[in-house]
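Please put together the full structure from these sequences, using the hints given.
Heads up: the protein sequence lines correspond to chains A and B, in order.
The first sequence stops at residue 477 when you use full-length UniProt numbering, and every number in between is there.
The second sequence stops at residue 477 when you use full-length UniProt numbering, and every number in between is there.
Hints listed in this document are in silico derivations from the structure and should not be mistaken for laboratory results.
Certain hints may be false.
Listed next, the in silico SDA-like pairs over lysine to any residue satisfying Cα-Cα at most 20 Å (straight line) [unchecked claim]:
hint: 1; chain 1: B; residue 1: K450; chain 2: A; residue 2: G184
hint: 2; chain 1: B; residue 1: K467; chain 2: A; residue 2: A459
hint: 3; chain 1: A; residue 1: K450; chain 2: B; residue 2: D183
From the derived model, a few chain B residues whose C-beta atoms are all more than 12 Å from chain A [to be verified]:
hint: 4; residue: N35
hint: 5; residue: E126
hint: 6; residue: N238
hint: 7; residue: P282
hint: 8; residue: S362
hint: 9; residue: K376
hint: 10; residue: F379
hint: 11; residue: G468
Yeah, the Cβ is synthetic: ideal placement off N, Cα and C, and Gly gets one too.
2 protein chains.
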Amino acid sequence: MSDAQTPPRPQALPGDVIARLKAALGPKGWSQDANELGPHIADWRGRFQGQTPILLKPANTAEVSAAVRICHEAGIAITPQGGNTSLCGASTPQGEVLMTLKRMNAVREVDPDNDSMTVEAGCILESLQNTAASAGRLFPLSLGSQGSAMIGGLISTNAGGVHVLRYGMTRELVLGLEAVLPDGTIWSGLTGLRKDNTGYDLKQLLIGAEGTLGIITAATLKLFPRPAKMELAFCGLNSVEDAVSFLSLAKKVSGGAVTAFEIMPRLALDFVLAFVPGTRDPLESSHPWYVVCEMSFGRVEGARETLEAALGEAFEAELISDAAIAENESQALDFWRLRESIALAERGQGTAIKHDISIPVSKMAAFIKLAGERIKTIFPDGVVVAFGHVGDGNVHYNIVGLDEATQQAMLAKGTAISSCVYDTVDEFGGSISAEHGIGILKREELAARKPVDVAVMRAIKQALDPKGIMNPRVLLG
Amino acid sequence: MSDAQTPPRPQALPGDVIARLKAALGPKGWSQDANELGPHIADWRGRFQGQTPILLKPANTAEVSAAVRICHEAGIAITPQGGNTSLCGASTPQGEVLMTLKRMNAVREVDPDNDSMTVEAGCILESLQNTAASAGRLFPLSLGSQGSAMIGGLISTNAGGVHVLRYGMTRELVLGLEAVLPDGTIWSGLTGLRKDNTGYDLKQLLIGAEGTLGIITAATLKLFPRPAKMELAFCGLNSVEDAVSFLSLAKKVSGGAVTAFEIMPRLALDFVLAFVPGTRDPLESSHPWYVVCEMSFGRVEGARETLEAALGEAFEAELISDAAIAENESQALDFWRLRESIALAERGQGTAIKHDISIPVSKMAAFIKLAGERIKTIFPDGVVVAFGHVGDGNVHYNIVGLDEATQQAMLAKGTAISSCVYDTVDEFGGSISAEHGIGILKREELAARKPVDVAVMRAIKQALDPKGIMNPRVLLG
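Dropping the structure here:
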């Protein structure tokens, strides 16, 4: 699974290229200091350790362009990096020139009447949420790493998170982009327009391309009205089927006010209660599954009543067995914490084999059942913990061992287990990477499972980056 | 403006290619009958008259693939055609082989629990709205030509319409695509997934490509909950500024329930009242501008109150001067008819010089003012009628003459007037084609105004269609 074992391919980087890069970016624009490089050349989970001859720190788009042009002329590869929170090794250099966008963190414009803001790639997500709030607007992208993830990287990986159900993936939040193309050309596609049918929508190619087609330097983002009231319920259920039916019902009753709908099994709750201090179960008895259901409303009046109406109908239809409604913001944070601590609690529990997959919502229950049965035949002691964004058909489908010996035995079967999961995903018309991307972790899986797609992607890559200098080991590498 | 004057480039189509195409599609799969060809080789507004050596009518994706492969091998160009409702000449062949998708009109699957349906390219929009309704869901795409426009063409041109404000352009309604690529390869990208981060999102390239990168054969479309209640108001206002402020207020008060927000000037209402039988002004006195504001709600309770609250606050803030609320569905249809008859009424009024443009919503008022002043200096007798989807920043910015002599004089200044409009659009960061596309009508404007974009588009076109056989005269032609 890890790329750390394969020897990096060091890049022969002529001294004059280094000198030209240093001159183009000035003394603040580069580093070769091992201490400074350290956090940039390893991923945050410690799975990938890399190396780079130089870290570039451009301060503006012109400097990005100048540096890319120098690299392009010399045929030198570049790895662009945002907040370095990739889960797939997409931003760890293995000998490439490394470029961090962190100095480019200006908010260029906030335009509340157009519901948009234009920001530079190095802005941290959490600060952008605050920028939007200060203008009386909502920027809805919301995910675990929001305190360090940068918007350029979030766009380059088309990040997901908990509000996709209502507001869409990052792709749907981007109105316009500015980027430096592989030959150093600055492409000025910043626009606050909702409608612009003037040829191929080029920004769509850069979104989710993981830095292989150019470097995003700025973006114009969609803003939304801030909800006047949010309501949250923590519900106990018997099955995934019931959760999916409850989702349909909640969407219908609330008229699309459902902004998050997350599922977790009892075992995940057990892990959280065991490993995360200060957590407690909001419900009195135990249930096989739990759902966190969030609704957002434009008016305070009727908000609580709408949630209660949805829960009432769900009880009536025997889709949920019990529910607690958050009475205030602090209780809402407590409920959210149960969901958001699962990854942390799993680490406390020990090694897991993880899969970030999606399935059509209507087939989710059947998938979880069948995949679980198949995994039992490969490794009977493995326990499935499937949790996450069931409203989007996206679950983090992880297999855990309940003690260390089991975990070791499970790792030996890791490849077989993952192949079984991915094969079943394919049968159900699902995706082997719902929101984390490909990086270097899944590039072989992608090539094997989507050959026609990959052939078209390679043709596009060749057309836009004929020298193959943009993040070459990632995605198609 | 019209391409009808430029001599078509007849394509030398060898007899054996014709024979192979006929054999591949069978006797029902082609026509060379002049009567049958007639409506397919002229556009519906009568601006473009074309020709074709043969009309192909494939019944399924395999037949599309077979025909494209034959054309690809022989280097023969193809124009794909849906409902032939293009406003820009994108589907009128000028010697190309013409392929209609009209026989491919099956609904392959409706999956209400996944809020999706998979349909073939030849399905007519109105019938798809009904298909969704039968499953208790909403397919929100809605526009004037919905009785004949086909979904393949709507996707190929990324159609807009009146519900973009809430549900997005066609692009945002497409989850997956199946298409035949320029070499005849079938690309199977049908998926009902909300989240799928496995490389470049190839469907995005085909959406809005106007048939230049391949032929869309089927699509998986997003469905939504049906609103339990819709409310509609027809409002009189003093200015575009006030309309934009009213929109912000209505979005905020209703929490995003605004699903349409259309503007029209008094003159447009006058045209409609004069030329469209059975229409009447819902308001007692005259106002410089009018807005049709639609809200959609998941619950009946509180719906009317929300609209009234928004109108009340708008009165208070002196953003609107008068308003009528539709008391029933028939009255709502009457209000909508005032807006939707403008194009028809304009034809009654005589020739107009039309522009389908978009501007950031916050700059719309300033744009309309400045562009109007500039047009006065070119042609003082021209009267601006700007109407449409102001909530998306998209207006149909038309110049009319009030009598025939003025219209003739205006046409002589047509190029200067359009250049002035487009130059002003550029200054405001707008788009010269918001929803109608480029076709053959605006390809020179596009090439002149977005050279970097067009260079990248050409590189992509060359990579995917090296022989240049897919709708070659359109967009980049």
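Here's how the hints hold up against the structure:
For the hint linking K450/B to G184/A, the alpha-carbon distance of about 17 Å falls within 20 Å, and the restraint holds. For the hint linking K467/B to A459/A, the alpha-carbon distance of about 14 Å falls within 20 Å, and the restraint holds. Annotation: proposed proximity of K450/A to D183/B holds, straight-line Cα distance about 18 Å (limit 20 Å). Separation of N35/B from chain A is adequate, the least Cβ-Cβ distance of about 33 Å exceeding the 12 Å criterion.
At roughly 22 Å, the least C-beta separation between E126/B and chain A is larger than 12 Å, which holds for a residue marked as non-interface. Every Cβ of chain A is farther than 12 Å from the Cβ of N238/B; the closest lies at roughly 17 Å, confirming the non-interface assignment. Against chain A, the non-interface label of P282/B holds: every CB pair exceeds 12 Å, the least being about 26 Å. Distance check for S362/B against chain A: the nearest CB is about 4 Å away, which does not clear 12 Å, and the non-interface claim fails.
The claim that K376/B is not at the interface with chain A holds, since no C-beta of that chain comes within 12 Å of its own (minimum 26 Å). Taking the minimum C-beta to C-beta distance to chain A, about 26 Å, the non-interface status of F379/B holds against the 12 Å cut. For G468/B, the condition that its CB be more than 12 Å from all CB atoms of chain A holds, with the nearest at approximately 14 Å.
In the structure shown, a violation is registered for the earlier hint numbered 8 alone.
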